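K.L.:
All chains should be built: construct the whole structure from the sequences, respecting the hints.
2 protein chains.
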Amino acid sequence: MNNVIYIPVLGMPEIKANDDIVQLVLDCLLKQNETILENDILVITQKIVSKAENRTVDINSITSTIEANELALSLNKDPKLVQLILNESQSIVKLDLKRGIIITENKIGHISANAGIDFSNVKGKTNATLLPENPDKSAKLIHKNLLNKLDVKNIGVIISDTFGRPWRIGQTNISIGSFGIDPFENYINNEDMYGEKLNSTNICIVDELAGGAEILMKKTLNVPIVIVRGLSYKFSSKGSSEILRDKEKDLFR
Amino acid sequence: MNNVIYIPVLGMPEIKANDDIVQLVLDCLLKQNETILENDILVITQKIVSKAENRTVDINSITSTIEANELALSLNKDPKLVQLILNESQSIVKLDLKRGIIITENKIGHISANAGIDFSNVKGKTNATLLPENPDKSAKLIHKNLLNKLDVKNIGVIISDTFGRPWRIGQTNISIGSFGIDPFENYINNEDMYGEKLNSTNICIVDELAGGAEILMKKTLNVPIVIVRGLSYKFSSKGSSEILRDKEKDLFR
Numbered sequence: 001m002n003n004v005i006y007i008p009v010l011g012m013p014e015i016k017a018n019d020d021i022v023q024l025v026l027d028c029l030l031k032q033n034e035t036i037l038e039n040d041i042l043v044i045t046q047k048i049v050s051k052a053e054n055r056t057v058d059i060n061s062i063t064s065t066i067e068a069n070e071l072a073l074s075l076n077k078d079p080k081l082v083q084l085i086l087n088e089s090q091s092i093v094k095l096d097l098k099r100g101i102i103i104t105e106n107k108i109g110h111i112s113a114n115a116g117i118d119f120s121n122v123k124g125k126t127n128a129t130l131l132p133e134n135p136d137k138s139a140k141l142i143h144k145n146l147l148n149k150l151d152v153k154n155i156g157v158i159i160s161d162t163f164g165r166p167w168r169i170g171q172t173n174i175s176i177g178s179f180g181i182d183p184f185e186n187y188i189n190n191e192d193m194y195g196e197k198l199n200s201t202n203i204c205i206v207d208e209l210a211g212g213a214e215i216l217m218k219k220t221l222n223v224p225i226v227i228v229r230g231l232s233y234k235f236s237s238k239g240s241s242e243i244l245r246d247k248e249k250d251l252f253r
Numbered sequence: 001m002n003n004v005i006y007i008p009v010l011g012m013p014e015i016k017a018n019d020d021i022v023q024l025v026l027d028c029l030l031k032q033n034e035t036i037l038e039n040d041i042l043v044i045t046q047k048i049v050s051k052a053e054n055r056t057v058d059i060n061s062i063t064s065t066i067e068a069n070e071l072a073l074s075l076n077k078d079p080k081l082v083q084l085i086l087n088e089s090q091s092i093v094k095l096d097l098k099r100g101i102i103i104t105e106n107k108i109g110h111i112s113a114n115a116g117i118d119f120s121n122v123k124g125k126t127n128a129t130l131l132p133e134n135p136d137k138s139a140k141l142i143h144k145n146l147l148n149k150l151d152v153k154n155i156g157v158i159i160s161d162t163f164g165r166p167w168r169i170g171q172t173n174i175s176i177g178s179f180g181i182d183p184f185e186n187y188i189n190n191e192d193m194y195g196e197k198l199n200s201t202n203i204c205i206v207d208e209l210a211g212g213a214e215i216l217m218k219k220t221l222n223v224p225i226v227i228v229r230g231l232s233y234k235f236s237s238k239g240s241s242e243i244l245r246d247k248e249k250d251l252f253r
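Chain order of the listed sequences is R and C.
FYI, the working numbering numbers position 91 of the first sequence as 91, with every residue one higher than the one before it.
FYI, the working numbering numbers position 39 of the second sequence as 39, with every residue one higher than the one before it.
No lab work stands behind these hints: they were computed from the structure.
If you're wondering where the values come from, they're calculated on a predicted model, not measured in any experiment.
Please note that a few of the clues may not be correct.
In silico DSBU-like cross-links for lysine-lysine, where the CA-CA straight-line distance does not exceed 30 Å [to be verified]:
id, chain 1, residue 1, chain 2, residue 2
1, C, Lys80, R, Lys197
2, R, Lys238, R, Lys219
3, R, Lys123, R, Lys107
4, C, Lys80, R, Lys218
5, C, Lys247, R, Lys107
P.N.:
Structure representation (structure tokens):
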């Protein structure tokens, strides 16, 4: 077991629609005397992927329906924001009318407040980013672009976002999309250090890596990408959509 | 922003009741040409803290009550295990009779399956570890012991355990106890890169650090401690009990 190093990518410029994130990362790394090596893992915040994919919206461009207006009134929230949340969601999971909280399952299947719509670190007070339409596909495209530009066999790509949790105060970074790295390290049927079978241990390593990377991202600075180096992991073409639990197997829906 | 390095502590011996974990760590580090530096953070798995604190139990020593017997029958679970779970818990949060799942709020306030009772990596098929009675206090004692033995002003101490999550498949490591490091990095009222106020960002960094460390712990190997180096963080005497959300503010209880 080696040390594992988290390397922040510094000096990334403001991302615009159709920007080549991979080329911008390589340009930044050159300046900081770094590069991307075989089996490195790139953790990329959703924010810049959404910007590159033109998934930004001016809240003023939204027209709210009667349904959104009524919900907004009972939540004491902006009707345009409520409409945008509904547009991005397939179902409402929970409402807290008193505190104006709306938890939804978004179109991809992730459960969070406000469907991942985020006004922070976006130019213009009324502009927000939406989550990428298919973050696993976004990760796969970035992976392909990396392999085209680098002389390596594999790079893990994780797209992260900051989500709240039930029961626990504060948010943590998790993976909403990935490619090239198995989302899980599954120990089921493996033996522990005393030779006993591990019955249920299936660690979601892409969520843990997203969390580890967040600590270097610093919301108020401009570190949208962190490289994780030194980890041995299994290649997989499966993405983070595998993490989503079926409603039927979910005790809290 | 520097690189952050996760260093596994290798070769830790089997931990017995009343062992001095800190001394054992220092002995191991000496052999791997490592040490503990100012502001390092130690992530320590609950398993060895529980063993050192004699929080192990032989399931055969448990006598089950009628309440536990009835619950065990409907869950198709061992009545002694159900009794032990109830002993360690203050309330049942959710039951899945079909799949034999019991989610409780344990005596410390953490919500998980089986109240954190764990048979893996414990000698003897019928032996389990219980969570430390007061993990924040355990972290504080380890912190004090570290400062006594090292010429440093602060070391962050995090005690971790692997918990499942609603909505998401797979477990991740989180912090059940800590000392010397503020559990949160709070950006509320800070400005983002465009000068806009961040309204709700309060990152639970001790959970993220526990997750990042887990990736080096490997359930089937013997890496119960990981050192995190290179992170600047705020000292705090607050512990991870601060992370627990009041039932009144919890949408999912």
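K.L.:
Compare the structure with each hint and give your call.
P.N.:
Structure-based check of all given hints:
{"no.": "1", "hint": "C:Lys80 x R:Lys197", "result": "20 Å, holds"}
{"no.": "2", "hint": "R:Lys238 x R:Lys219", "result": "29 Å, holds"}
{"no.": "3", "hint": "R:Lys123 x R:Lys107", "result": "25 Å, holds"}
{"no.": "4", "hint": "C:Lys80 x R:Lys218", "result": "47 Å, violated"}
{"no.": "5", "hint": "C:Lys247 x R:Lys107", "result": "29 Å, holds"}
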